[in-house]
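Undergrad: All chains should be built: construct the whole structure from the sequences, respecting the hints.
Below are the chains, spelled out letter by letter.
Number of protein chains: 2
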Amino acid sequence: MADEPQQPEDAADSGIGRRRAAARSGGRADYEERRAAIVAAAATLFKRQGYARTTFADIAREVGSDRASLYYYVGGKDELLDAVVTDVVRANTAAAEAVRDGDGTAPEKLRELIVGTMRAFHEHYPMLYVYLQENLAHAPDDRQAWAQDMRAVNRRWAGAIEDVVREGLEAGTLRSAVPARVLANGIMGMVNWTNRWYDPERTSVDAEEIGTTYADVLLSGLAAPAAVAS
Amino acid sequence: MADEPQQPEDAADSGIGRRRAAARSGGRADYEERRAAIVAAAATLFKRQGYARTTFADIAREVGSDRASLYYYVGGKDELLDAVVTDVVRANTAAAEAVRDGDGTAPEKLRELIVGTMRAFHEHYPMLYVYLQENLAHAPDDRQAWAQDMRAVNRRWAGAIEDVVREGLEAGTLRSAVPARVLANGIMGMVNWTNRWYDPERTSVDAEEIGTTYADVLLSGLAAPAAVAS
DNA sequence: ACGGTCTTCAACAGATATGTTGACGAGGTC
DNA sequence: GACCTCGTCAACATATCTGTTGAAGACCGT
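So the protein lines, in turn, are chains A and B.
For the first sequence, the numbering used here begins at 1 and goes up steadily by one.
For the second sequence, the numbering used here begins at 1001 and goes up steadily by one.
Treat the hints with care, as some may be off.
Label pairs and their computed distance ranges (CB to CB) [as the list claims (entries may be wrong)]:
no., chain 1, residue 1, chain 2, residue 2, range
1, B, A1037, A, A21, 47 to 53 Å
2, B, S1204, A, D142, 31 to 37 Å
3, A, Q148, B, G1017, 38 to 44 Å
4, A, R61, B, G1172, 48 to 54 Å
5, A, F56, B, G1172, 53 to 59 Å
Dumping the calculated SDA-like pairs for lysine to any residue here, alpha-carbon to alpha-carbon at most 25 Å [what the hints assert, rightly or not]:
no., chain 1, residue 1, chain 2, residue 2
6, A, K77, A, A22
7, B, K1077, A, D142
8, A, K77, B, R1048
9, A, K77, B, Q1133
10, A, K77, B, D1142
11, A, K77, A, F56
12, B, K1077, A, T55
13, A, K77, B, A1057
14, B, K1077, B, G1015
15, B, K1077, B, A1145
16, B, K1077, A, R53
17, A, K77, A, R143
18, B, K1077, A, N135
19, A, K77, B, Q1049
20, A, K77, B, A1052
21, A, K77, B, A1139
22, A, K77, B, H1138
23, A, K77, A, R67
24, B, K1077, A, G50
25, B, K1077, B, Q1133
26, B, K1077, A, H138
27, A, K77, B, L1136
28, A, K77, B, G1050
29, B, K1077, B, R1034
30, A, K77, A, Q148
31, A, K77, B, N1135
32, A, K77, A, E32
33, B, K1077, A, F56
34, A, K77, B, D1058
35, B, K1077, A, L136
36, A, K77, B, F1056
No wet-lab data here; the hints were simulated from the structure.
Virtual Cβ for every residue (Gly too), placed ideally from N, Cα, C.
TA: See below:
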């Protein structure tokens, strides 16, 4: 039932694969530099056109090279997405968990999570946005393993926020009429949706300022003091 | 410089195209029914796997038919996306504009926009989510015209929300320290992000209730009354 | 200039997707 | 039962993308 015609394995099987592996383990400075340039170009294009629509030819053009040459530096599109996304997402998740486990009241933590995430979006632009944009729920067929792994990381991230919200509801520092899950998703929505419109080069408002605004609105409410009666 | 090898035009050029056009203008009841079933299947799959990853073969399997048969009912993937998305998005945009132009204070309108949108998400599931998920900023190459059109509609939708926010800031019914654009995007983020987690079959909370929750939180603030001092 | 390693690229092979054809059969109509 | 329209589908044609090869070129120290 299972026929595997092309199985690249994870080892350096092909000629070019062997040469690539050799070069990578060599750790030559300009080799790594060029590889990083390719990854950066890929990140830009993934953000601009989406992963599915970006071809290796596009990336080659962007870095001013030949498509075939890229294989000397990277194993394929999958590996590129990995390189663009994995580390930075892991780091971000860890940061969120650190905030959750740290000191402070739930509202303070929530503010820190929101502002911190926006800061990270800016600092690592466009990596984290590539991640948000490429809906991991749409499993990339083969890469089931990686997708599952990333989904787990994502759950941890969402979990950290949800935990803080729940903590606040239980401690009474947040209005308790709202379901924690819904609220956590709403907060993530506000922040994550910035991937659709925020661009450090174009958007006049600063990322951190956006975070502050959202934190203010969420925590203090949007209605003018006089109208709170509503 | 421009070589157009395959130009399907918009007319019924091919044999199957002619037959399709004939059948469609015939307006036979069961023909339209079958076509609707195909569109519905496409919507489900687009939502589940994303547009790019969904193939005509997938859709054929879903409706229990042959891939080639689908061409008797639809011209191609593009036309399917159109059928899934265009009408319902247009209607939704018009509804948002109607709220903006209607009576009431800005906070009231905002609440209606939020709850109304969530209601529409539920009622037209999964069409509007397909639209949100398929980032129109990632131009589908050829379909430039359609993409631009949809982007214009999108701008109108966003514009309606932004207008209401601005109205509230100017009238003093909303806290005026926040940039209208950022705020409008934040609200849209909260609501639109539900496409990542809300599923009428699975999510225990009702769509309308989610809308109400978000409206409450945004308008009245999240911090418990005692802590508002912050 | 020589020998070695590092890097590029034209050309190929294969997979997967789309859209088209043309013929065939099911069903109703007279 | 001959006829005709409606709908289906095996087979084909074409396009696009990925990954690989093998040889040639660039660059460096000696």
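Undergrad: Hints the structure violates: just list their numbers, smallest first.
TA: none
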